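Chain A is already provided as a structure; the job is to place chains B and C on it using the hints.
Chains as they are written, first to last, in the working numbering: chain A, 1 to 272; chain B, 1 to 544; chain C, 1 to 319.
Don't read these hints as lab results, they were simulated from the structure. All of these numbers come straight from a predicted model, not from anything done at the bench. The beta carbon of each residue, even a glycine, is placed where N, CA and C say it ideally should be. Where hints are given, some of them may not hold.
List time: in silico DMTMM-like cross-link candidates among lysine to aspartate or glutamate, alpha-carbon distance up to 25 angstroms [to be verified]: (1) 346(B) <-> 157(A); (2) 11(A) <-> 133(C); (3) 283(B) <-> 339(B); (4) 352(B) <-> 172(A); (5) 348(B) <-> 102(A); (6) 130(C) <-> 87(B); (7) 346(B) <-> 102(A); (8) 438(B) <-> 165(A); (9) 11(A) <-> 218(C); (10) 392(B) <-> 172(A); (11) 177(B) <-> 218(C); (12) 283(B) <-> 444(B); (13) 125(B) <-> 218(C); (14) 280(B) <-> 253(B); (15) 38(B) <-> 245(B); (16) 348(B) <-> 172(A); (17) 346(B) <-> 172(A); (18) 143(B) <-> 116(B); (19) 113(B) <-> 218(C); (20) 13(B) <-> 80(B); (21) 237(B) <-> 208(B); (22) 397(B) <-> 172(A); (23) 436(B) <-> 165(A); (24) 296(B) <-> 478(B); (25) 352(B) <-> 165(A); (26) 346(B) <-> 165(A); (27) 314(C) <-> 116(B); (28) 293(B) <-> 165(A); (29) 83(B) <-> 37(B); (30) 40(B) <-> 73(B); (31) 38(B) <-> 204(B).
Computed footprint of chain C on chain B; a stretch qualifies when at least three of its residues, placed anywhere within it, have a C-beta under 8 angstroms from a C-beta of chain C [as the list claims (entries may be wrong)]: (32) 59 to 66; (33) 85 to 93; (34) 102 to 109; (35) 156 to 164.
Some but not every residue of chain A turned toward chain B, in silico, with C-beta under 10 angstroms [to be verified]: (36) 166; (37) 167; (38) 168; (39) 169; (40) 170.
Take a look at the letters that make up each chain.
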Amino acid sequence: MSLARAPLSAKLGLFVVIFYVLVAVFGPFVSPHSQSEIVGGVWEPISSKFWLGTDNVGRDILSRMIFGTRTTLFIAFLATSLSFSWGILTGFFAAVSGGWIDQVLSRWVDLLMAFPTLIFALVVLSIVPINMTTLILVMAVLDSTRVFRIARALAADTAVLDFVEAARLRGESTLWIIFREILPNTLTPLIAEYGLRFSFAVLFLSSLSFLGLGVQPPAADWGGMVRDNSLGITFGRTASLIPAAALAILTVSVNFVVDWLLDKTSDIRNQG
Amino acid sequence: MSNLLTVKDLVIKAQVHHPGEKPVAVTIVDKVSFTLEKGKVLGLIGESGAGKSTIGLAALAYGRFGCTITGGEIILHEQDILKFRGDKLRQHRGGQVSYVAQSAAASFNPAHKLDDQIVEVAISKGAMGRTEALKYAKTLYKKLGLPNPETFGQRYPHQVSGGQLQRAMTAMALASKPDLIVFDEPTTALDVTTQIDVLAAIKDAIREFNTAALYISHDLAVVGQVADEIMVLRYGKMVEYGSTEQILYHPKEKYTQQLVAVRSVFKEEKPRTKAEPLLKVAKVTASYDGKVKVVKNLSLELEAGHTLAVVGESGSGKSTTARIIMGLLPPSDGEIFFEGKRLPPKLKQRSKELKRLIRMIYQMPDVAMNPRHTIRDIIGRPLTFFFGTRGKEREAKVIELLEQIEMGADYLNRFPAELSGGQKQRVCIARALASKPKLVICDEVTSALDPLVADGVLKLLMRLQKETNVSYLFITHDIATVRAISDSIAVMYQGELVEVGQKSKILSPPHPPYTELLLSSVPEMRMGWLEEAISGRRMEAAGN
Amino acid sequence: MSTQLIRLILQRVALGVVTLFVISILIFLSAEILPGDVAQTILGQSATPENLANLRTQLGLDKPPLQRYMNWLGGIVRGDLGTSIVNKQPVAKLIGSRFTNTLFLASVSALIAVPAAILLGLLAVRFRDKWPDKFISATTLTAISLPEFFVGYVLILFFAIKLPWFSSLSTVSASMSLGERLHAIVLPCATLTFVVLAHMMRMTRAAIIGVLSSPYIEMAQLKGVSPFRVIFRHAFPNAISPIINVVVVNLAYLIVGVVVVEVIFVYPGMGQLFVDNVSKRDLPVVQACGLIFATVFIGLNMMADVLSIIGNPKLRYPK
Chain A
1 MSLARAPLSA KLGLFVVIFY VLVAVFGPFV SPHSQSEIVG GVWEPISSKF
51 WLGTDNVGRD ILSRMIFGTR TTLFIAFLAT SLSFSWGILT GFFAAVSGGW
101 IDQVLSRWVD LLMAFPTLIF ALVVLSIVPI NMTTLILVMA VLDSTRVFRI
151 ARALAADTAV LDFVEAARLR GESTLWIIFR EILPNTLTPL IAEYGLRFSF
201 AVLFLSSLSF LGLGVQPPAA DWGGMVRDNS LGITFGRTAS LIPAAALAIL
251 TVSVNFVVDW LLDKTSDIRN QG
Chain B
1 MSNLLTVKDL VIKAQVHHPG EKPVAVTIVD KVSFTLEKGK VLGLIGESGA
51 GKSTIGLAAL AYGRFGCTIT GGEIILHEQD ILKFRGDKLR QHRGGQVSYV
101 AQSAAASFNP AHKLDDQIVE VAISKGAMGR TEALKYAKTL YKKLGLPNPE
151 TFGQRYPHQV SGGQLQRAMT AMALASKPDL IVFDEPTTAL DVTTQIDVLA
201 AIKDAIREFN TAALYISHDL AVVGQVADEI MVLRYGKMVE YGSTEQILYH
251 PKEKYTQQLV AVRSVFKEEK PRTKAEPLLK VAKVTASYDG KVKVVKNLSL
301 ELEAGHTLAV VGESGSGKST TARIIMGLLP PSDGEIFFEG KRLPPKLKQR
351 SKELKRLIRM IYQMPDVAMN PRHTIRDIIG RPLTFFFGTR GKEREAKVIE
401 LLEQIEMGAD YLNRFPAELS GGQKQRVCIA RALASKPKLV ICDEVTSALD
451 PLVADGVLKL LMRLQKETNV SYLFITHDIA TVRAISDSIA VMYQGELVEV
501 GQKSKILSPP HPPYTELLLS SVPEMRMGWL EEAISGRRME AAGN
Chain C
1 MSTQLIRLIL QRVALGVVTL FVISILIFLS AEILPGDVAQ TILGQSATPE
51 NLANLRTQLG LDKPPLQRYM NWLGGIVRGD LGTSIVNKQP VAKLIGSRFT
101 NTLFLASVSA LIAVPAAILL GLLAVRFRDK WPDKFISATT LTAISLPEFF
151 VGYVLILFFA IKLPWFSSLS TVSASMSLGE RLHAIVLPCA TLTFVVLAHM
201 MRMTRAAIIG VLSSPYIEMA QLKGVSPFRV IFRHAFPNAI SPIINVVVVN
251 LAYLIVGVVV VEVIFVYPGM GQLFVDNVSK RDLPVVQACG LIFATVFIGL
301 NMMADVLSII GNPKLRYPK
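For reference, chain A alone in the conformation it holds in the complex:
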């Protein structure tokens, strides 16, 4: 699989993802204003002074978008990485050990997944204080159940193959079996899944912020910006659509890349 022969959609998607990452990392250094500074009137249109206009209290939308990208991607990245490490570790462990360990872990995950993530998150967020740490933890814990299922299924499919049994018969350790025998054969779908989970995390965080239960003001993030500016829609002000569109472009791009990675071989998207 080489990038040069990838379809146009995948190349475009990868380009967008890299661009977003660059904005998140370096953007704040070149941002025209800070994220909370009031620099103009309410909902000023797009101009040479304010490239994306101003928001509901007169802050520069471009600057807020730059900081918002950093906040959103940072939280999503940490939450996904956490849920991935945890989910893959437990998922592989369950598949390779089998027996009661597998049973206990799998039933526990079944239970958590018998309940929509958003509803669960809302119940939890009504109790714990809402800040960056709790958001990351709540998202990571809830999402790791899905990663567990995928990782376990992938590992279980591989673990029954004769070459894994051959390694076991040779007396190889569980770590060797996980990292040298199973992981190389499940890497591509796992990377694809990481992409999917990441875009889901971005969407989920933005939904929470949109509901007012995510990133708390004055810090900027995409979902919160949609919420702040939503009233403007009724006056024909499209400020709230800018972060929404930025989010949509990112998730579409990630999906293009994932589709190419999976190359029709398996559609983990359709496994629930």
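Just chains B and C now, with coordinates in the frame of chain A:
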């Protein structure tokens, strides 16, 4: 008499698509021609990739997996069927030509009763009304020897056994009274003792209804029983085409001669000595769920440097026996001894040294090797793991092993997918022998290979046994292989040992009833074997 | 029906009930297990000790957790969902017509989305790998990547502001006729349908293609069965249970989507109430809403499994 079917210069190409690359056209069938008269059977024989199934499907003007018929013509009843479209094509398929697939279990729709599927074509083609078609189906069930022909069709596919389902599919093919039936490996998935009955039923039925047939198989002995003429194919090209008698008794081409000869390997039986057996299985019983015993009270002995063949059909417990000895399934009762010492039942309890001394080779070399490891790593890992050999020393050892299996240093950096089936199995053998084991369990190691390739692998195994004095526990369903390589034989049936002993004793009469049945069911490379075997069986049944 | 089938169904139903029971414990105990003092979090840092003590008594925090859980569960079984902390009203009264409003919105969306998804799925399969399939696949791939609020606000911008056909606020009240109600929910319904449809259609397509690649379909083609008959007689009976599964799984998605959509359109449903009370940290209301959402979700999943058990001929006609 005019020909029913004429195939002239048939060319079939397929688009092969490797991920991330442009598709390439590969020729699957290259200028194949033959004719078939009404009521006659033509056998198409060849190894995998010979294009025989593709030719069979072409008779229905059908191409699988992006195969397209790019040249030649197929004339049936003086019409070129490749020009048929729409309704005319559908009238042809199922009406004039019908198809019997290898796996009946997958080819019947699980959602409908057998009757409904079997009469579907006859009714939809307007050949018969429903009542008439059902009545005719019952005649067919009876003819094909299916139990309770009156009610048989009321069942769903999953309620019927594999051998019966294969016969039911033959009934489905016959139900629309076609002129030609394509049999695509109809008995390959069956056990030999089931195969013989299905084969006899098919033969009787096509004779009785005077239907012409294309009979596709990789097994020349099977084809020899039903075909009037045989065409030998290889790599999509015709090798030899003649009457069954000519092909079986006077083959002209070298390739055909090799196919007829079957096994060039034969091992002289080593006599038993008084020495302590290397492996001793003593009254072992085992089960997967704690209820159904898959192996019952099994006792076996194997001497150093000898080969013990464990033979049986599916469900005989022969593969379970391998798992028990390897420590993957601890027995519920009984013990195993290795070099006179008790072998711990669980893999976990066994020392590294024991794991080094007992190795295993699998049936499917494709899944027995990690597709992401190179041949160097696959053969080298046991060297590092068991002996701590690394670096240049390991490289030299791996090359030595590769040379032992008649491959060379060129293969070091390749991945399993870049090897042929035979080469893959050779690498698996090298991996097993790398740890200098005393016992190697070979689980159906030649079943997935074409006959000539299998022959080469068996030769290699025997040479290596001579060189290293390793013992083989050889698990197989194939009597020809057993004959070729074993010193002693254990026959198993439904988890129990039928008999065990030296090869010469087991293979010469008198036999216990099951061994008799098994041995007499193995197709022999001569005409008229099927009739003899069947009538022999009927006489026996009458005598009892 | 065979006894084996009935046993399987009963097992599945029992599993659903047990799951719901455990989930109810989780919802209730989340206040117990999670770090931090609930009363403190609810009242904030400026709370006086008397206020805190009062709230603790009101929440019953002075009693042991097991007893409180039993009281709570007992109340729910009798239809008493507890009392709101903020406005002291019974939770059941707060929920009132909101539950039926949400049910109305979700059902209308499902009534549109399900047939449309199956139809589009069949269409994509019929023209597999040709332009209609590629077009549908690309569109739905984009659609599943769009957040509900993006779709919702774009719809408002075009169909409520630029073209003043509908209101941006979906207000419904008890006095409205069915027609008026339907008109009021056009935009939220469209948003929900759009998002759910894409998922459902993609999964339907995959399910049908899975069935169509089985050997028995090839066999039917080789028997010269007409394409219509291949689809409806040979493929459909086997595709029906995967499709039912797809449909129900996506109806469960709808439940999540409905929360966000109600906030976008300020629709007086359960989702809106739920979110409001999470912000207000009105625990009894949040717990009641969470339990209701969970019940519907688990019920739907259970139904999907029961239907696919019934749809499987191997279970319906055992050996």
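Comparing the hints with the structure gives:
Restraint check for residue 346(B) and residue 157(A): satisfied, since their Cα atoms lie roughly 23 angstroms apart, inside the 25 angstroms limit. Proximity of residue 11(A) to residue 133(C) is assessed by CA-CA distance (about 22 angstroms); at most 25 angstroms being required, the pair is judged to hold. A hinted pair counts as satisfied when its Cα atoms are at most 25 angstroms apart, and residue 283(B) with residue 339(B) qualifies at roughly 17 angstroms. Taken as a hint, the residue 352(B) and residue 172(A) pair is honoured in the structure, with Cα atoms around 10 angstroms apart against an allowance of 25 angstroms.
Proximity of residue 348(B) to residue 102(A) is assessed by CA-CA distance (about 19 angstroms); at most 25 angstroms being required, the pair is judged to hold. Among the hinted pairs, residue 130(C) with residue 87(B) is consistent with the structure: their alpha-carbon atoms are about 23 angstroms apart, no more than 25 angstroms. Restraint check for residue 346(B) and residue 102(A): satisfied, since their Cα atoms lie roughly 20 angstroms apart, inside the 25 angstroms limit. For the proposed pair residue 438(B) and residue 165(A), the alpha carbon gap of about 20 angstroms is at most 25 angstroms, so the pair holds.
A threshold of 25 angstroms between alpha carbons decides the hint, and for residue 11(A) with residue 218(C) the separation of about 37 angstroms lies outside it, so the pair is violated. Of the pairs offered as hints, the one joining residue 392(B) and residue 172(A) holds, with about 23 angstroms between alpha carbons and a cut-off of 25 angstroms not exceeded. The hinted pair formed by residue 177(B) and residue 218(C) meets the criterion: a straight-line CA distance of about 20 angstroms does not exceed 25 angstroms. Taken as a hint, the residue 283(B) and residue 444(B) pair is honoured in the structure, with Cα atoms around 24 angstroms apart against an allowance of 25 angstroms.
For the hint pairing residue 125(B) with residue 218(C), the CA-to-CA distance comes to about 18 angstroms; that is within 25 angstroms, so the pair holds. For the suggested pair residue 280(B) and residue 253(B), the alpha carbons sit about 47 angstroms apart, so the restraint of at most 25 angstroms is broken. The suggested pairing of residue 38(B) with residue 245(B) holds, with an alpha-carbon distance near 20 angstroms, which does not exceed 25 angstroms. A distance of roughly 11 angstroms separates the Cα atoms of residue 348(B) and residue 172(A); the hinted pair therefore holds under the 25 angstroms criterion.
For the suggested pair residue 346(B) and residue 172(A), the alpha carbons sit about 15 angstroms apart, so the restraint of at most 25 angstroms is met. For the suggested pair residue 143(B) and residue 116(B), the alpha carbons sit about 19 angstroms apart, so the restraint of at most 25 angstroms is met. The straight-line distance between the Cα atoms of residue 113(B) and residue 218(C) is roughly 18 angstroms, inside the 25 angstroms bound, and the hint therefore holds. With a CA separation close to 19 angstroms, the supplied pair residue 13(B) and residue 80(B) stays within the 25 angstroms bound.
Pair hint residue 237(B) plus residue 208(B) does not hold up; C-alpha atoms about 33 angstroms apart against a cutoff of 25 angstroms. Simply put, residue 397(B) and residue 172(A) have alpha-carbon atoms about 21 angstroms apart, close enough for the 25 angstroms limit, and the pair holds. The hinted pair formed by residue 436(B) and residue 165(A) meets the criterion: a straight-line CA distance of about 19 angstroms does not exceed 25 angstroms. Between the alpha carbons of residue 296(B) and residue 478(B) the distance comes to roughly 22 angstroms, so the proposed pair stays at or under 25 angstroms and holds.
For the given pair, residue 352(B) sits about 16 angstroms from residue 165(A) by alpha-carbon distance, which is consistent with the 25 angstroms threshold. For the hint pairing residue 346(B) with residue 165(A), the CA-to-CA distance comes to about 14 angstroms; that is within 25 angstroms, so the pair holds. Taking the CA atoms of residue 314(C) and residue 116(B), the gap is about 17 angstroms. The hint holds against a cut of 25 angstroms. For the hint linking residue 293(B) to residue 165(A), the alpha-carbon distance of about 23 angstroms falls within 25 angstroms, and the restraint holds.
Of the pairs offered as hints, the one joining residue 83(B) and residue 37(B) holds, with about 22 angstroms between alpha carbons and a cut-off of 25 angstroms not exceeded. Between residue 40(B) and residue 73(B), the direct Cα distance comes to roughly 20 angstroms. Compliance with the 25 angstroms bound is thereby established for this hinted pair. For a cut-off of 25 angstroms, the pair hint linking residue 38(B) to residue 204(B) stands: about 16 angstroms separates their Cα positions. Given a C-beta distance limit of less than 8 angstroms, the hint that chain C covers the region 59 to 66 of chain B holds, as 3 residues qualify and 3 suffice.
Requiring three or more residues with a Cβ within less than 8 angstroms of a Cβ of chain C, the coverage given for the region 85 to 93 of chain B holds, as 5 such residues are present. Look at the region 102 to 109 of chain B against chain C: 5 of its residues bring a Cβ nearer than 8 angstroms to a Cβ of that chain, three or more, so the hint holds. Closer than 8 angstroms: that is the beta-carbon criterion, and the region 156 to 164 of chain B has 3 residues meeting it against chain C, so the requirement of 3 holds. Because the closest C-beta pair between residue 166(A) and chain B is about 6 angstroms apart, less than 10 angstroms, the hint holds.
For the restraint placing residue 167(A) at the interface with chain B, the shortest Cβ-Cβ distance is roughly 8 angstroms, inside the 10 angstroms limit, so the hint holds. This hint holds: residue 168(A) has a C-beta 7 angstroms from the nearest C-beta of chain B, less than the 10 angstroms allowed. The interface hint given for residue 169(A) holds, since its Cβ lies 6 angstroms from the closest Cβ of chain B, which is under the 10 angstroms cut-off. Checking residue 170(A) against chain B: minimum C-beta separation of about 6 angstroms stays under 10 angstroms; hint holds.
Hints 9, 14, 21, counting from the list given before, are not met by this structure.
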